[in-house]
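Novice: Okay, here's what each chain looks like letter by letter:
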Amino acid sequence: MFIQILNGIVYGGLLYLLAVGLVLIFGLREVVNFAHGSLFMVGAYLGFTVAAMGYWWGGLLVSVVAMAIVGCMLDAAVFRTLRKQDHIVTVLVTFGILLILETTVTAIWGKAYLTYPVPRLLAGTVDIGSSPFPIYRLFVIAVSVAVALSLSAWLRYTRTGLYIRAASTDARVTAMQGINVDRLSLIVVGLGTALAGLSGVVAGPLLSLSPTMGNYILIDSFIVVVIGGLGSFAGAFAAALLIGQIHNFGAVYLPWASTVLPFLLMVAILIWRPTGFAGSRT
Amino acid sequence: DPLRIGVPTDLSGTYATLGEEVMRAVHFAVDEANANGGVAGHKVEIKSYDTEAKPDLARRQSEKLVSEGYPILTGLIASGEGLAIAPLMERWGSIYVSTINKADELTGANCVPGVFRVNTQSAMDAATVKPWLAQRKEKKWAIVAADIAWGRGSGKLFAEAVKSVGGTVTAELYTPANINDFAPYIEQVKKSGAEGVWVVLAGRDAVNFAQQSKQFGLTDAITVAGVSFTTDGTVKTLGAAAKGIYGIINYSSTLDTPENKAFVKAWVAKYKSPPTNFEGETYMGMQVIYQAVQAANSVKPADVAKAMPGHTFDTIMGKLVMRAEDHQLLKPNYFGVVEDVDGTLRPVIKTTVSAKDVAPPVTCKMASK
Amino acid sequence: MSTIAHGAAATVRRKPLAGAALFVTTAVALAVGVALPWLVPTKIAMSLLAQAMFDALLATSVGFLILQNGRVSFGQAAFFGLGGYSVGVLIARHWVAPEVAVLIAIILPTLVAFLLGLVIARITGVAHAMLTLAVGQAFYEVVFRWRELAKGDDGMSFNLPRHLFGLSASGLQDPAVMMVLAWTILVLVLFALALFARSRIGQIAAAIRDNEERARFLGYSTMLPRALVYAIAAFIAAIAGVLSACYNGYIAPQMFHWSVSGFALIMAIIGGAKFIIGPAIGAVVLFYIKDYAGQFAEYWPAIVGIILVVVTLTMPRGVVGLAATLWKMRGR
Amino acid sequence: MSAYAIEGVGLTRRFGGFAALDGVDIAVKQGEIRGLIGPNGAGKSTLIDVLSGRAPNRGGKVLLNGEDISDLTPQERRRRGMARSFQRTNIFPELTVEQQLRVASWAVAGADIDEVMDELHLTAMADVVAAEISYGDQRHLDLALALVGRPTVLLLDEPAAGLTMEESLSLARILRDLANRWHVTVLLVEHDMQVVFSICDRVTVLHLGRSLSEGTCDEIRADPTVVAAYLGTEA
Amino acid sequence: MALLAFNDVHALYGRARILNGVTFAVDRGERVALVGRNGVGKTTVVNTLCGMTRIAQGQIAVNGRVMKDLRGYIAAQNGIAVVMQGRGILPSLTVEENLLLGTATRRPGPWSLDKVQALFPILRERRSSPGLALSGGQQQMLAIGRALMANPDLLILDEPSEGLAPVIVDELAALLVKLGEDGIGILLIEQNISLIHRVAQRFYVLSKGAVAESGSLHDVSRDELKRHIAI
Ligand SMILES: Nc1ncnc2c1ncn2[C@@H]1O[C@H](COP(=O)(O)OP(=O)(O)OP(=O)(O)O)[C@@H](O)[C@H]1O
Ligand SMILES: Nc1ncnc2c1ncn2[C@@H]1O[C@H](COP(=O)(O)OP(=O)(O)OP(=O)(O)O)[C@@H](O)[C@H]1O
Ligand SMILES: [Mg+2]
Ligand SMILES: [Mg+2]
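Residue numbers (the working numbering), protein chains in the order written: chain A, 1 to 282; chain B, 283 to 651; chain C, 652 to 983; chain D, 984 to 1218; chain E, 1219 to 1449.
Honestly, I wouldn't trust all of these hints.
[Said to hold, decoys possible] Incomplete in silico selection of chain B near chain A, CB under 8 Å:
| # | residue |
| --- | --- |
| 1 | 305 |
| 2 | 306 |
| 3 | 309 |
| 4 | 310 |
| 5 | 373 |
| 6 | 374 |
| 7 | 452 |
| 8 | 453 |
| 9 | 456 |
| 10 | 463 |
| 11 | 466 |
| 12 | 469 |
| 13 | 474 |
| 14 | 475 |
| 15 | 477 |
| 16 | 520 |
[Said to hold, decoys possible] If you anchor each label on the Cβ, the simulated ranges turn out as follows:
| # | chain 1 | residue 1 | chain 2 | residue 2 | range |
| --- | --- | --- | --- | --- | --- |
| 17 | C | 843 | A | 152 | 39 to 47 Å |
| 18 | A | 117 | B | 544 | 56 to 64 Å |
| 19 | A | 152 | E | 1225 | 42 to 50 Å |
| 20 | C | 910 | B | 551 | 52 to 60 Å |
| 21 | D | 1039 | A | 124 | 57 to 65 Å |
| 22 | B | 474 | C | 797 | 33 to 41 Å |
| 23 | E | 1430 | C | 683 | 24 to 32 Å |
| 24 | B | 555 | C | 810 | 52 to 60 Å |
| 25 | B | 582 | C | 852 | 41 to 49 Å |
| 26 | D | 1184 | C | 977 | 56 to 64 Å |
Worth flagging that the hints you see were computed from the coordinates, not collected in a lab. Model, not experiment: these values are computed from the prediction. Built from N, CA and C at the ideal position, the CB exists for glycine as well.
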């Protein structure tokens, strides 16, 4: 039982890492980023390539840094250009980017599934209540909690955090206070994409790598974002943990409905509160 | 006039890796035939379109191939794709040689004159399990299977087999397709106290399950066996995590027949690594097409179709008969384990079950026109 | 007080196609439909055009929901699939007369959508998109797993009856016949939607889309008009599903899959979701682009991706939006 | 028919522990123009929200022509003749001025909109989408949406805000006209004292969620507490 | 050198030309009113300064420097604070966070959180409620307070009296006069003639997208000003 709860937290943590990037980008650019899953995938492949040379932690670093740069480029080249367009139009662009990224990765790394090694430091299992539990999974929990805490602290207590929250509500008004929103969004989209890279690497050893791996987790992340209340970071964290648990206990107790449970939960929550857990945005 | 074969297959969907194997085997067979002056004097030409493993797209792309003059089709992967185009063969005046679809219906309830199957259908896999199970000492088995028709069917047959040899099934878990985290299922297998786990998963699910059970120490603790689980592709991906996993093998490059040895040798010369199970099966499909063309001495699909039923084909698995009643090629099936062969891990055949013993019952009522 | 003539130099409303023009265009389009078998050279071209028309109907359904309700649906495949499955299952099982099966296949999704609309229409934006996705996937899961209904994930083929509505049903699987039929239906649907948009209820729906709260303070119940738009959209999707299922003689869970909904949405936006005809045009354009890109084997997604990026960066209002802008410029 | 067109009894609205409305009673006679004034945050908009059904009303009662309408939805209240305008402009941004007025008129049996457009200087921009007209014109439009179909009870939340002085006075004339000729009852929230004192029959002063005093314009103008708390030099 | 100078500025929204050659200037310590009918383009003047329109012709100079690239944040970084029409309160941020946003440019000066909260006590009382929860007039105070927090050289107010109770308008008038005397430039866009008369020294009348009239407020009576606006 306890192990199952722990497993739920692992999956929830992973979803959070991905969802929080979506929230960041949605907040500032109002972009529903369908390419996020494929950025996660690219991050995983980059990390994999370095890790395969024997530098696991180097892979992590390379992936995060490279994805941050990719994020900045994406913001400057695409999101900034489209900032005045209908949000639905930008969805189209991100979908196009998704297709391009998947094909590119296929061309470079091939279609075959790849397995990402676990770093030596975190290999093996520990016994939790006489049942072996992979150390690596505890690491996943640690990473997501660390990201959650530092991100909320950053957003809540720093000036940049205040500006980001402000710009996420109304970019025009925020700019009129003398804040360069384009630069801010470079940081934010870069950060969000870097987090996608981070989650790609962190998820790598749990999942197999394939050019479409992002698609299998993107929808769960969107559910997290929506249940959390669009644009809410704390809400996303709570929702991610909830979905993680639902996923686990659904698999155990309601296997025939396990795939629709997250959807049902979302429907129920939205009907109860149309703006999600923490939603006040209009 | 050339022999034109259309290859609608999945190049970008869920089974894109298989599609890649399909294409490699088709190209190999075509090059080989053309280097030898073609098939009965006919040069071989192929054309391929991506079906994304979606039935409606499979239909559209197949129709395009047929209309562009490639009326002999092969290479579809998902059973749904094969089932979707089967009824259209007559209208299009084309034939379909199935090499990967596993659904029994294709040559059973839904059989049609224009469809032939070269590969192993699910019922044949099921018949392979019992002889193997009888010789094992594990008596408590858990089942982890994909929650689709194939997984459910296989799981059920395995459970029956376990009971028939006096064992018990401790847990029967059906997993949705393409989930990311198998931890809850692994945990349940562990808790059930099973001595072995029977896995009916393919592709990404197979890889994820194997990798995660290794991390949880499951693979080392109990016997792991499965169907389609130990494909060459999966084993290659998993590396060391695959070692010691048992499984049904439909084709293996380690198969010890002279025809196969020649084929593997030529293959390795070209691609540097031995052919995978899907590559072997696809190649066999091409062999069957070629020989039917030779027998018919025509590339017209109608003539080729006439030459197929009851014909004996000379394949890499030996001389095999295309059963006239349902167009299923009667082939042997194998059981093996992943072992180290010349430094690489590969599924190695341990038990061979003869074509006669795995032959499925005929359920097809072919409306012969 | 003098009137404020100067300040009002802002954009003047786009006048909808004048009544007469609408009727003439429709008549011409119908005539073209009748002539299609002589215009389209080969059987396969006819078959492709017929299938492009199914996509166009589905995209029109998605676009209509955006235009009239301001709601982005990521699950319109639910009604497409429901239409297809209803007709397929009912005909295969011979539970009712085939004509009744067709009617049920169109009415059932419409009703379901109406009821759903009452519940989910008050949710907006991304959350709404996810909700509709959930609905679509729920249907998908059901047919995927309910093997007794239509063979689950493998899908099911079915034979058309000999006659439908007194006509030979085999025509439904003849590319030439299906092409003309689908074209005609599409034209009539677009015509009806144009009439709806000008009607009272259409404009009230547009007002509700724009500002629901104020519409209520003007005295409107906002639930019914929105649910009605859902129902109409589903009705169109269901027609597409029925046509597609009959043409293929095959139904599979993929009909419900979110990727079908997603592509329909993309088609609608590429064409220009702010125009009634936009989604249909977008669907046809994307259908042929994809078909063409298919030549590049597994690299087709990149080609489509690049086209999507380029199209949105250069014509954010869609193909029809660009055409409209060019048309206006010509007038100057 | 009740003597009062619109009546609120014990109206209360709380946000957490804070009472924005704390048991306010108000009753406006048929055809009367009642001014509602008070400091910022006194609860005026909240009162309008409760009367019009925008905000839930906990514990009090709303009567329209003597009939209890507390549980009715806004649309039902509108159909019974109650209309309102908004302090924060609340219009249909993507519809043209004429389109939205037309939609408004359909809800009340196709009333004429030309007169309203004319009176509120919207005719010149009839074909412009509302998002693109100036703020002041948007205020006009907001008011016009409430006036279409000549409701019997009008709840107006700062209709003159953002208008030029001259337009404010013309607005005052329109309201006076409505009340005199058509017996429309008006509850008018306004910080423009010139408007309030020129047309209101009586004035209610709200303070901290309670009714501070009520009386004729002269009485209110003379009330020292009102002057200190609210009017300042305007008195 | 003027704090802000518009020189024959022509500006467009999309294709619609709204400003047709606007010329005016505000200097340090000057209190200037910009008046005109509804829809004449007053807010557009502010929006143009903030880069929200396309300038077809003409120049805008801040502190004597001609601005090439007018983007949203540039005016603020040059010491111009704006109280926007419609207030521009960030609804999900708290009152205090809204105020702190005003200090984004980190300009030194007399105004601090404490002083602003002393000026409008309600902003202290409700400092941790979301901006959304304020009444209309309270939001207006918040918008004014936020602009003061920026310690601007030039304060632009677009109809600041809207929604404010008369006593508060009195206070606002006194405040603006005081600010002007302290050397800050004030550009007041208003409909409330009495406030204009109490605050401004000079006025510009906007009409047909250009300045039609200007002069000193000492020289015109309220009625004359009204007539000017109505042209
Ligand atoms: N959603 C809310 N949450 C918390 N408090 C609120 C909310 N809405 C309003 N209030 C508070 O209720 C009180 C009354 O607000 P209301 O808008 O009715 O004032 P008002 O009299 O209309 O003021 P103004 O003249 O400034 O418009 C105010 O103190 C306001 O801060
Ligand atoms: N986004 C926009 N797009 C097109 N035209 C616009 C837009 N915003 C305003 N306009 C037009 O510009 C003109 C000037 O508007 P502006 O808001 O500057 O007027 P204003 O003088 O501030 O009026 P008010 O006193 O009502 O606030 C108006 O006629 C309006 O129709
Ligand atoms: Mg108010
Ligand atoms: Mg203005």
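Novice: Decide, hint by hint, whether the structure agrees.
Specialist: Status of each hint after checking the structure:
The beta carbon of residue 305(B) is not positioned within 8 Å of any beta carbon in chain A (closest approach about 11 Å), and the interface hint is therefore violated. Interface hint at residue 306(B): violated, since its Cβ lies 12 Å from the closest Cβ of chain A, which is beyond the 8 Å cut-off. A least Cβ separation of about 16 Å between residue 309(B) and chain A goes past the 8 Å threshold, and the interface hint is therefore violated. The beta carbon of residue 310(B) is not positioned within 8 Å of any beta carbon in chain A (closest approach about 18 Å), and the interface hint is therefore violated.
Checking residue 373(B) against chain A by beta carbon gives a least distance of about 33 Å; that is not within 8 Å, so the hint is violated. Interface hint at residue 374(B): violated, since its Cβ lies 30 Å from the closest Cβ of chain A, which is beyond the 8 Å cut-off. Because the beta carbon of residue 452(B) sits about 15 Å from the nearest beta carbon in chain A, more than 8 Å, this interface hint is broken. Hint on residue 453(B) is violated. Least Cβ distance to chain A is approximately 11 Å, over the 8 Å limit.
Interface hint status for residue 456(B): upheld, as the beta-carbon distance to the closest one in chain A is roughly 6 Å, under 8 Å. Taking 8 Å as the C-beta contact cut-off toward chain A, the hint placing residue 463(B) at the interface holds, the least distance being around 5 Å. Below 8 Å, beta-carbon pairs count as interface contacts, and residue 466(B) has one with chain A at about 4 Å; its hint therefore holds. For residue 469(B), the interface hint holds, since its Cβ comes within 8 Å of a Cβ in chain A; the closest pair sits about 6 Å apart.
A hinted interface residue such as residue 474(B) counts as satisfied when its beta carbon comes closer than 8 Å to some beta carbon of chain A; here the least separation is about 12 Å, so the hint is violated. A least Cβ separation of about 12 Å between residue 475(B) and chain A goes past the 8 Å threshold, and the interface hint is therefore violated. Here the hint on residue 477(B) is broken, as its CB sits about 17 Å from the closest CB of chain A, past 8 Å. With its C-beta approaching chain A no nearer than about 6 Å, residue 520(B) sits inside the 8 Å limit, and its interface hint holds.
Range check, residue 843(C) to residue 152(A): Cβ separation about 52 Å, and the 39 to 47 Å hint is violated. Under the hint 56 to 64 Å, the C-beta atoms of residue 117(A) and residue 544(B), about 38 Å apart, miss the expected range. At roughly 48 Å, the beta carbons of residue 152(A) and residue 1225(E) sit within the given window of 42 to 50 Å. Between residue 910(C) and residue 551(B) the beta carbons are some 41 Å apart, a value that contradicts the proposed interval 52 to 60 Å.
Between residue 1039(D) and residue 124(A) the beta carbons are some 59 Å apart, a value that agrees with the proposed interval 57 to 65 Å. Remark: the range hint 33 to 41 Å for residue 474(B) to residue 797(C) is contradicted by a beta-carbon distance near 27 Å. At roughly 57 Å, the beta-carbon separation of residue 1430(E) and residue 683(C) lies outside the given 24 to 32 Å, and the hint is violated. Checked against the hint of 52 to 60 Å, the C-beta distance between residue 555(B) and residue 810(C) comes to roughly 46 Å, which is inconsistent with it.
The hint said 41 to 49 Å for the Cβ distance between residue 582(B) and residue 852(C), and at roughly 59 Å that hint is violated. In this structure the hint that residue 1184(D) and residue 977(C) lie 56 to 64 Å apart at CB holds, the actual value being about 60 Å.
The structure shown violates the earlier hints numbered 1, 2, 3, 4, 5, 6, 7, 8, 13, 14, 15, 17, 18, 20, 22, 23, 24 and 25.
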